[in-house]
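Asker: With the hints as your guide, set chain C onto chain G.
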Amino acid sequence: RKEVEQDPGPFNVPEGATVAFNCTYSNSASQSFFWYRQDCRKEPKLLMSVYSSGNEDGRFTAQLNRASQYISLLIRDSKLSDSATYLCVVNEATGGFKTIFGAGTRLFVKA
Amino acid sequence: IAGITQAPTSQILAAGRRMTLRCTQDMRHNAMYWYRQDLGLGLRLIHYSNTAGTTGKGEVPDGYSVSRANTDDFPLTLASAVPSQTSVYFCASSDSGGSGELFFGEGSRLTVL
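Taken in order, these protein sequences are the chains called G and C. The opening position of the first sequence corresponds to residue 1 in my numbering, with each subsequent residue numbered one higher. The opening position of the second sequence corresponds to residue 1 in my numbering, with each subsequent residue numbered one higher.
So here's chain G without its partners, still in its complex pose:
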């Protein structure tokens, strides 16, 4: 089993739709969680951190479920500019920190 697993997609949605991605992680001792966005042929950039209480940033909502070991990202009112690959990132504290990236979920938003 991969340490961090994501559905690779692609998710094809119309503008204005709501779309949700899940990501599961295997290490119950994982400590911090993030969603990164990566545009085609570009570097990953932090989209948002994921807090235990859940957090929202505009149209984006991230949730953490420690009991089931998954994190989610919800995008409301999708825009064409949301088309990208979304990477789930998990930090494990193992002496230092070990950062593990999921392979990413591709999203295409179409007009």
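Not one of these hints is a red herring.
Heads up, simulated EDC-like pairs for lysine to aspartate or glutamate below, C-alpha to C-alpha not over 16 Å straight-line:
id : chain 1 : residue 1 : chain 2 : residue 2
1  : G       : Lys98     : C       : Glu101
2  : G       : Lys45     : C       : Glu101
3  : G       : Lys45     : C       : Glu106
4  : G       : Lys98     : C       : Glu59
5  : G       : Lys98     : G       : Glu3
Beyond 10 Å from chain C on every Cβ pair, some chain G residues (computed):
id : residue
6  : Pro14
7  : Arg59
8  : Ser68
Because the hints were derived from the structure by calculation, they are not lab data. Cβ coordinates follow ideal geometry from the N, Cα and C atoms, glycine included.
Answerer: Same frame as chain G, now just chain C:
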């Protein structure tokens, strides 16, 4: 502020040749990392450095070496390139020892023939 600068952005290399990918940051971050990204596999850590003068092995270190002579620079060297090292390489830095946000360079696309 430039952030992280990588060079070259793209390179085609004959197998067996030596290649150094350069990475420089101007954010005074202590921690720096080299990742490779291959289709369907996500980003995999090659080597890292928690502070100037120290380095460590990541998930896929074989065939690669790094040095960290100062805070700003973290070059990655392929001593004798092989086709399986064809990939996109990203350098990253963090100011919180790996527990927080990673800042990435724009990537170096390497093709080994």
